[in-house]
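Asks: Work out the full structure, taking the sequences as your base and the hints as a guide.
There are 2 protein chains.
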Amino acid sequence: MDFSSFITSLGTSFVIFLVLMLLFAWLSSKPGNNVIFYPNRILKGLAPFEGGSRMRNPFTWIKEALSSSEQDVIAMSGIDTAVYFVFLSTVLGILVLSGIILLPALLPIAVTDDGVKSNSLTTSNNTFNDLDKLSMGNIKDKSSRLWAFLIATYWVSFVTYYLLWKAYKHVSWMRAGALMSPEVKPEQFAVVVRDIPAVPEGQTRKENIDLYFKAIYPETFYRSMVVTNNQEVNKIWEELEGFKKKLARAEAVYAESKSTGKPEGTRPSNRIGFFGLIGKKVDSIDYYSEKINDLIPKLESEQKVTLREKQQDAAVVFFNNRVTASCASQCLHPQMVDTWTVTDAPEPHQLICSNLTIKFFGRELRQYAVYVIVTLTIVFYMIPIGIISAFTTLENLRKFLPFIKPIVKEQAIKTVLEAYLPQLALIIFLALLPKFLLFLSKFEGIPAESHAVRAASGKYYYFSVLNVFIGVTVGGTLFSTFKNIEKHPNTIVSMLAHSLPGNATFFLTYVALKFFVGYGLELSRIVPLIIYHLKRKYLCKTEAEKKDAWYPGDLGYGTRVPGDLLIVTIVLCYSVIAPLIIPFGVLYFGLGWLILRNQALKVYVPSYESYGRMWPHMFVRLLASLILYQVTMFGYFGVKKFYYTPLLIPLPILSLVFHFICSKKFYPSFRHTALEVACRDLKEVPNLERIYRSFIPPSLSSEKIEDDQFDDALSHVSRTGSSV
Amino acid sequence: MDFSSFITSLGTSFVIFLVLMLLFAWLSSKPGNNVIFYPNRILKGLAPFEGGSRMRNPFTWIKEALSSSEQDVIAMSGIDTAVYFVFLSTVLGILVLSGIILLPALLPIAVTDDGVKSNSLTTSNNTFNDLDKLSMGNIKDKSSRLWAFLIATYWVSFVTYYLLWKAYKHVSWMRAGALMSPEVKPEQFAVVVRDIPAVPEGQTRKENIDLYFKAIYPETFYRSMVVTNNQEVNKIWEELEGFKKKLARAEAVYAESKSTGKPEGTRPSNRIGFFGLIGKKVDSIDYYSEKINDLIPKLESEQKVTLREKQQDAAVVFFNNRVTASCASQCLHPQMVDTWTVTDAPEPHQLICSNLTIKFFGRELRQYAVYVIVTLTIVFYMIPIGIISAFTTLENLRKFLPFIKPIVKEQAIKTVLEAYLPQLALIIFLALLPKFLLFLSKFEGIPAESHAVRAASGKYYYFSVLNVFIGVTVGGTLFSTFKNIEKHPNTIVSMLAHSLPGNATFFLTYVALKFFVGYGLELSRIVPLIIYHLKRKYLCKTEAEKKDAWYPGDLGYGTRVPGDLLIVTIVLCYSVIAPLIIPFGVLYFGLGWLILRNQALKVYVPSYESYGRMWPHMFVRLLASLILYQVTMFGYFGVKKFYYTPLLIPLPILSLVFHFICSKKFYPSFRHTALEVACRDLKEVPNLERIYRSFIPPSLSSEKIEDDQFDDALSHVSRTGSSV
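These protein sequence lines map, in sequence, to chains C and Z. So for the first sequence, the UniProt record's numbering puts the first residue at 1; every next one is plus one. So for the second sequence, the UniProt record's numbering puts the first residue at 1; every next one is plus one.
Think of the hints as simulated: they come from the structure by calculation, not from any bench. Mixed in with the good hints, there may be bad ones.
Because identical chains share one entry, a pair is satisfied inside a single copy or across any pair of copies.
[Stated by the list, open to error] Within a straight-line C-alpha distance of at most 30 Å, the following computed BS3-like cross-link-like pairs (lysine-lysine) qualify: (1) K442 / K664; (2) K44 / K547; (3) K214 / K185; (4) K214 / K664; (5) K185 / K547; (6) K214 / K683; (7) K310 / K665; (8) K359 / K166; (9) K281 / K541; (10) K665 / K214; (11) K535 / K244; (12) K214 / K169; (13) K435 / K514; (14) K169 / K359; (15) K245 / K280.
Replies: Written as structure tokens, this is what we have:
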């Protein structure tokens, strides 16, 4: 890529960004779009924006985002989001502090040398351009100017250590603050018990559990809830809920027809066959009411059956204070570890019940199986795509899907399809990958939604770095400068070091595209806006349906964090080689911070709270990126034949020691709740009954069923010390 | 070593064994030796042997040892000893079950082939002997007879897995049984707290600790004891105790002189200078009484100073029930891990107070430093010995120690000294090594004596196996068949595989020597007997001194277990190659079991109780030996050019999986006390005051000092719920 095309691409991205910003300013001022641009505030019962509905300055959001404090973020979006901003601002800090020193120091040193001409190996595709003159590639081999770059490598590392240390400490106290809050949170009073052994003769499972925990916690045990196999009851409940929605819709249609058409209205009707397309035509309102009346007793009897007969070997156990629950989740209960496994409880709605019944060694086995599958996917992901591409040639498609024959006959369409079908497979694969990784993480037997998302996110990071970053760099080089590489030891590090400078402009463009277009789309919310308006016009009839149409979802950690980490990896690895990338990185994280601050405060609704447990994941991967950078720099100084290259060896070791110290000092309190935190006083005496009820799944919680009817799985055998 | 010298050496060992057995039968029947042969029973207040003092059959001890149950061992010598017997009987079981199949199956297969003649590489020093004909070395290369040996390799492995699994389960329940015993044991009510942060202004350290734990355990916290720097007070106390002993001795001498000499007696006297050799002569009784009278107030004032001003940042915290103490030792207390580290308390007399004050990261640092030192010692231990040998030549000795000049002039002595000085350095090094390793283990900051012994023992195992076993085999081969090895890939495994058969007879003799002479000396207790009688005659005057002279000490895990494990490693590695070693192994562990059973029941007094925590150490090292065996066999089948050698690859993997499963299932309950075990009822309401007092070091526990005078470190600030 030469200089002019780089400028062109940058300019295009910037124009797109400007257009999207203007669109946002215009669209967000329309009250009809409030549910798209301020849903989080609306759902929290606040006015869309402060100061009422008067005409707003279209740039007020910037001021609001900048002036918002961490406490505001926690209040509006929870600890997890606040931790994400700590991550963003830490990376921003690292890049700003690096840039302040590196840009004024290294650029003049690089530009006044003329290594590019004498050393054509390290330029982009062997053509010289102005950008390459600003990079370390322009320094001659063995030059003493390389000392400046070596010191810069150390500077970036130490800035990273310092800011990461501060951030870890800050996040740790933020987590502690949230956990010691005087608010009553149900998950802090409960633990999840798995691998309950077979019930002895003459006891129910519930008695068994209660006896076990009452013996250990005579004063603080409150009661237990046996986990049941809810598959059947969930199915009926979902069916019932579906019919209820359809009934509401039919009634809304009927009411509308009354006001628009004839005064007596048109009763809506539907067919009862395959997807409402075939079969007998019936009156919708009567039909759905009848279905609902049929299902309610069925649900009730299924609820009873489930509670009595479908008990599993897992339970949720409740205590009457937070310290005991935290203690219990950390302590070893059984003599043989594969029974009575006690772990901390996640928020009730996060609990993945179906995973609770997987046995101890089953979980271990699944975990290792998943590791193997993920490794294979990361390393060999091109193979299945290749196979799919091979099968989805036009010939095959014509054979299996005869109805596309007329389309394919057109020569123009044919050419396009033939060119894009392989890429299409890749795009579909990349789009499905996060979902696939999430599925795999859940398959491991992880009992909490947020934990599964974290695990999937970690896997996605390795995929991104290995394939996008290392793949693009090394892969590109393999084609372009294959002969040059053969002269050098053919290790991955030296290969990476060789290929980095050649791809600098590619990644500059990549980062720019990411923040201009990516964040532009993020802020303007064009896609959700269009979808919402289409749905509202043609599909939604009831208020509930409309809410579903604009409900914003959460920030999407699972893919956002690995994406950011990929940018960090790229910018860090190029920071010394081509310092010009640093301002781009600063823009990415600066703009990201600003725009996501707005989105967190006003748009996205967090779907769970894990009290900042994402942080250690981010930290480890940030540090992994740093080590990759240090190793790459070691390789690149080697390529430059610098005599003092071994001076870089302490850096990766230092990073490992830093990781060791941090994980020893900070990590344990992210795995468990520290007792000094759990022992803080509560605002009020906790209502244990409400805590208990919050863990009953919606399909089982019926107002009709009285407490004494909850025969086994939920029944209240013991009640000791129900107040703290 | 040829066959006749093997028989000679075996015969000699056996004769020595017989002589020692006869000596034992004769000596143990003399009542004057009871304190040497039955000290454990005497200290427990039992008669030396059941059935009174009538003449005993000299072989009754065999019957008694065989009929004793595990419960007897636990009652007389504790769980740790019982675990050691589980280890012995497990190894015995493995060897017997292996031998039953391997001996009748493999010996005929080996003896009817004639690979030795055609394949001189694998015989001892290239001479044929009858023993080599019974080994796998006698099988021709690529022979299909090797199938039998391959199956045998699997058989030995599976027998090991099965018996180890059973043993681990058994030991786990034994530990649980001991921990759930209704007896009150002080260490089950206490935890050790380290890394206490700086005390806030206006609080004493004790208040700080009490406040912290009362907040977390409002109902169950009993009180705390701040650890003090006892160096000074210990010195005074030891001096005082020394003078008390000397006074008692002087009084005994005086009383004796009254009865033997003049009726008014001779008052003993001593010099007060250097070691009682120079200086003024004084009357001993007066002198010591005066010294004691001087020291008592000094001790008292030092006690007060210590308790007030020498408080350290560590404490022992007491709870009023076992579950809370066990909980507390497992839970994370602080948000930042390098403060308020809580671990379980060992028995009071095991606590190494000086290690409690080492900081969190100091401990980590020391641990890694010790690992490095130990690795260097194991790998390069010959270097310092070489240096020492070089310095301790006769020339140097004559220069630095002039008084040995006349001795060295004798030609005969000179020759012997010159020949043995290097070996002497090695022997002294090997004798000091366990002490050095124990010192290193304590230096790591381990707070309990038993834990330090375990750690030292583990290190000694690696030293033994690496240097004695691998060193002897590979080292020997390096000299004898250096040329032959060069043809093959020069890896450690293939080298080991090559050298094993050649050293079979060496190790046969080694094992035989170990059990005949080693266990003969063990049972007959010749050395302690002679020392005791010499001391009794010439040194001991008081009963306390006599008791010190015969006090047996403990079983000596630290060196015994690594020694046994070395034998296991040798026998396992040779089990298939030269199955003849199995009967020797069976004899070693059979005799060992029998003789040590006698010693455990009657002689040794355990010096601590760690509730079987030694077992996981033994287990891991046994499994390491098994893996070494499997890898060696893989190498040796390779040497034999057997086509199906890769069929052995699953074995080491299987061993690792087995280790993984066992450590997941059983190990956690060895690290911590499982709560279901700790929650069992006690026989009586524990006397918390007595539990607390048992942790006061002897130098600080004075009857004179009242509770209220224990101003800070021990004072009784809070007392809540002092009954369970």
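Asks: When no copy is specified for K442 and K664, does a C-alpha distance of 30 Å or less occur within a copy, between copies, both, or neither?
Replies: Answer is both; intra-copy 28 Å and inter-copy 22 Å each pass.
Asks: Give the relationship of K435 and K514 under a CA distance limit of 30 Å: within one copy only, between copies only, both, or neither.
Replies: Answer is within: at 22 Å inside a copy they meet the 30 Å cutoff, but 64 Å across does not.
Asks: I want to check one pair: K245 and K280. Are their C-alpha atoms no more than 30 Å apart within a copy, between two copies, both, or neither?
Replies: The answer is within: 21 Å in one copy meets 30 Å, while 109 Å across copies does not.
Asks: Evaluate K44 and K547 at a C-alpha cut-off of 30 Å and name the case that applies: within, between, both or neither.
Replies: Within one copy only: 14 Å inside a chain, 81 Å across chains, cut-off 30 Å.
Asks: Is it within, between, both or neither when you check K359 against K166 at 30 Å Cα-Cα?
Replies: Close across copies (22 Å), not inside one copy (40 Å); limit 30 Å.
Asks: Please sort K214 with K683 into within, between, both or neither, judging by C-alpha distance up to 30 Å.
Replies: both (27 Å within a copy, 19 Å between copies)
Asks: When no copy is specified for K185 and K547, does a C-alpha distance of 30 Å or less occur within a copy, between copies, both, or neither?
Replies: Close inside one copy (27 Å), not across copies (64 Å); limit 30 Å.
Asks: When no copy is named, should K214 and K664 be tagged within, between, both, or neither for a Cα gap of at most 30 Å?
Replies: between (34 Å within a copy, 26 Å between copies)
Asks: Is it within, between, both or neither when you check K214 against K185 at 30 Å Cα-Cα?
Replies: For K214 and K185, the Cα distance is within 30 Å both inside one copy (23 Å) and across copies (23 Å).
Asks: Is it within a copy, between copies, both, or neither that the alpha carbon of K310 lies no farther than 30 Å from that of K665?
Replies: Result: close only across copies, 28 Å inter versus 44 Å intra.
Asks: How would you label the pair K169, K359 (within, between, both, or neither) given a Cα cut-off of 30 Å?
Replies: between (36 Å within a copy, 20 Å between copies)
Asks: Reference check for the pair K665 and K214, CA-CA at most 30 Å: within, between, both, or neither?
Replies: Classified as between: cross-chain Cα gap 24 Å, same-chain 34 Å, threshold 30 Å.
In this structure, none of the earlier numbered hints is contradicted; all agree with it.
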